[in-house]
Amino acid sequence: MAEKEGKIKLLGCWASPFSRRVEMALKLKGIPYEYLEEALPNKSPLLLELNPIHKKVPVLVHNDKILPESHLILEYIDQTWSNNPILPQDPYEKAMARFWAKFIDEQILTVGFRSLVKAEKGREVAIEEAREKFAFLEKEVTGKDFFGGKTIGFVDMVAGSIIPFCLARLWEGMIIDVIPEDEFPELNRWIKNLKDIDCVRECIPHREKQIEHMMKVSERYKLA
Amino acid sequence: MADEVVLLDYWASPFGMRARIALREKGVKFEYREENLRDKSPLLLQMNPVHKKIPVLIHNGKPVCESMNVVQYIDEVWSNKNTILPSDPYQRAQARFWIDFIDTKVYEPADKIWFTTGEVQETAKKDFIEALKILEAELGDKPYFGGDNFGFVDIAMTGYYSWFQTFEKCANFSIEPECPTLMASAKRCFFLISLVSGQPLSQISPEEVQRPSSKDVKSLWPGFEAGWRTPQPRFHYHQATKPGSAKRCLQRKTVVDSVPGPDELFALAFKLRKEYGV
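Chains as they are written, first to last, in UniProt numbering: chain A, 1 to 224; chain B, 1 to 278.
By construction, these hints were calculated from the structure, which means they are not laboratory data. Heads up, none of these hints are tricks.
With a cut-off of at most 25 Å between alpha-carbon atoms, the simulated DSS-like pairs for lysine-lysine come out as follows:
#: 1; chain 1: A; residue 1: Lys209; chain 2: A; residue 2: Lys118
#: 2; chain 1: B; residue 1: Lys126; chain 2: A; residue 2: Lys56
#: 3; chain 1: A; residue 1: Lys94; chain 2: B; residue 2: Lys26
#: 4; chain 1: B; residue 1: Lys53; chain 2: A; residue 2: Lys139
#: 5; chain 1: B; residue 1: Lys52; chain 2: A; residue 2: Lys94
#: 6; chain 1: A; residue 1: Lys43; chain 2: A; residue 2: Lys56
#: 7; chain 1: A; residue 1: Lys102; chain 2: B; residue 2: Lys40
#: 8; chain 1: A; residue 1: Lys102; chain 2: A; residue 2: Lys55
#: 9; chain 1: A; residue 1: Lys118; chain 2: B; residue 2: Lys112
#: 10; chain 1: A; residue 1: Lys139; chain 2: B; residue 2: Lys62
#: 11; chain 1: A; residue 1: Lys133; chain 2: B; residue 2: Lys53
#: 12; chain 1: B; residue 1: Lys105; chain 2: A; residue 2: Lys65
#: 13; chain 1: B; residue 1: Lys133; chain 2: A; residue 2: Lys55
#: 14; chain 1: A; residue 1: Lys192; chain 2: A; residue 2: Lys102
#: 15; chain 1: A; residue 1: Lys121; chain 2: B; residue 2: Lys52
#: 16; chain 1: A; residue 1: Lys65; chain 2: A; residue 2: Lys9
#: 17; chain 1: A; residue 1: Lys121; chain 2: A; residue 2: Lys222
#: 18; chain 1: A; residue 1: Lys118; chain 2: A; residue 2: Lys102
#: 19; chain 1: A; residue 1: Lys94; chain 2: B; residue 2: Lys81
#: 20; chain 1: A; residue 1: Lys56; chain 2: B; residue 2: Lys105
#: 21; chain 1: B; residue 1: Lys40; chain 2: B; residue 2: Lys29
#: 22; chain 1: A; residue 1: Lys133; chain 2: B; residue 2: Lys62
#: 23; chain 1: A; residue 1: Lys139; chain 2: B; residue 2: Lys40
#: 24; chain 1: B; residue 1: Lys126; chain 2: A; residue 2: Lys55
#: 25; chain 1: A; residue 1: Lys94; chain 2: B; residue 2: Lys29
#: 26; chain 1: B; residue 1: Lys81; chain 2: B; residue 2: Lys142
#: 27; chain 1: A; residue 1: Lys195; chain 2: A; residue 2: Lys102
#: 28; chain 1: B; residue 1: Lys62; chain 2: A; residue 2: Lys102
#: 29; chain 1: A; residue 1: Lys150; chain 2: B; residue 2: Lys62
#: 30; chain 1: A; residue 1: Lys65; chain 2: B; residue 2: Lys133
#: 31; chain 1: A; residue 1: Lys55; chain 2: B; residue 2: Lys105
#: 32; chain 1: B; residue 1: Lys40; chain 2: A; residue 2: Lys133
Negatives, chain B to chain A, calculated, CB over 10 Å:
#: 33; residue: Val5
#: 34; residue: Phe15
#: 35; residue: Asn36
#: 36; residue: Leu37
#: 37; residue: Met47
#: 38; residue: Lys52
#: 39; residue: Thr83
#: 40; residue: Thr116
Ideal Cβ placement from N, Cα and C applies to all residues, glycine included.
Please build the complete structure, drawing on both the sequences and the hints.
Set out below in structure tokens:
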């Protein structure tokens with residue numbers, strides 16, 4: 001298909017889970033791409049030109065098409081390159097995948113990072129509230145190797161770019177365990193499964209570097 | 001087996017309106033169930049335990065939540081009629097981009113406009129108009145956001161259009177001088193009678209419908225050329241090629257049947273403001 005031809009460029013950031021999940025998808029599908037690192041928090045003229053409305057990474061450029069927003073990019077990649085599908089074919093399963101992906105990027109990121117860092121009602125309360133949200137994911141992945149079933153999919157890439165690396169390393173830096181194995185056996189099993197997948201493993205940022213980065217980000221967020 | 005389609009909804013919700021319009025666009029028979037948001041039904045809590053919000057589409061017993069998820073689902077299941085999303089992957093991505101934009105940059109200030117006062121309300125007004133202007137630039141002089149067809153983004157905006165009058169009254173401002181072409185489109189929705197009742201307007205020839213020429217558009221909005229776009233717009237819909245087609249996106253019978261009148265919405269907003277001492 002002519003649409004598949006042409007260069008892919010990805011403007012991203014090593015520490016951004018939104019950028020990493022796009023790389024997971026490109027690697028899963030075996031799509032070669034040129035990666036351009038954005039030195040956040042400073043925003044380059046290129047980023048501002050490619051994504052003038054939101055000014056955020058990732059931005060994918062495919063021929064003359066420019067796509068911001070990781071969910072849009074993942075769906076575009078999936079529709080353009082049909083090997084190793086990321087989203088289910090069935091409309092209901094697809095709707096569920098989109099639902100959980102949104103839940104993770106909004107609610108999980110809020111309770112796992114924002115509310116926890118600010119901890120306006122105290123850290124213990126914040127952890128408890130986070131666990132209530134994680135319980136939904138625990139239920140969703142129960143009895144499955146991955147959220148996508150036997151193989152990784154959309155929700156695995158969205159959750160997998162955030163929970164095991166970004167959030168887990170923040171929690172390590174804060175010396176807390178938000179999803180202990182005895183309370184969240186399914187999620188912990190899923191994390192282990194995920195780390196065996198090549199395209200995920202290749203997108204894991206360096207552990208110490210990421211812990212240091214997450215602690216800096218959380219300090220900035222606390223003061224904001 | 002006949003499909004069983006139930007929509008859990010709330011009459012005034014702009015998100016609920018999207019689901020109603022999409023179902024009617026596709027000619028799907030559905031049972032509408034009104035929810036009391038202060039006393040949510042066990043069914044709603046069972047079908048949407050995560051967010052406990054409407055709309056929820058229940059199709060043969062299986063729930064789909066979140067308004068744009070619902071609209072996409074409807075489009076994919078009942079795919080034989082009135083396509084809502086484009087088939088091209090890039091155009092679909094563009095449509096979804098504008099939905100995300102609407103549901104953050106328009107929704108957040110809109111929610112504050114009718115329910116706050118003072119400085120918070122003033123800032124919200126400013127942010128709201130800024131977001132509408134970006135959308136208006138995107139609409140341009142096309143018949144719909146989606147080009148020639150009433151589509152995904154148009155459906156998303158309809159709910160907000162129904163609330164425009166309420167926003168204006170609560171915050172004492174006027175949207176029209178700021179966004180004349182968007183407002184013209186919204187007015188058509190509620191005050192013009194569709195030319196052919198029940199028939200999708202794409203079947204009406206362009207000559208039957210009045211539209212402002214692009215020259216008029218520029219005179220209505222002097223800033224049209226300058227706008228927010230970079231000299232070579234990069235993320236936009238294809239330009240409409242049919243001459244004479246109008247901004248009729250909200251004039252459709254499916255919309256008129258799905259959306260409450262502006263006065264009813266203002267009455268609700270007024271009542272809630274009084275109740276909460278705003």
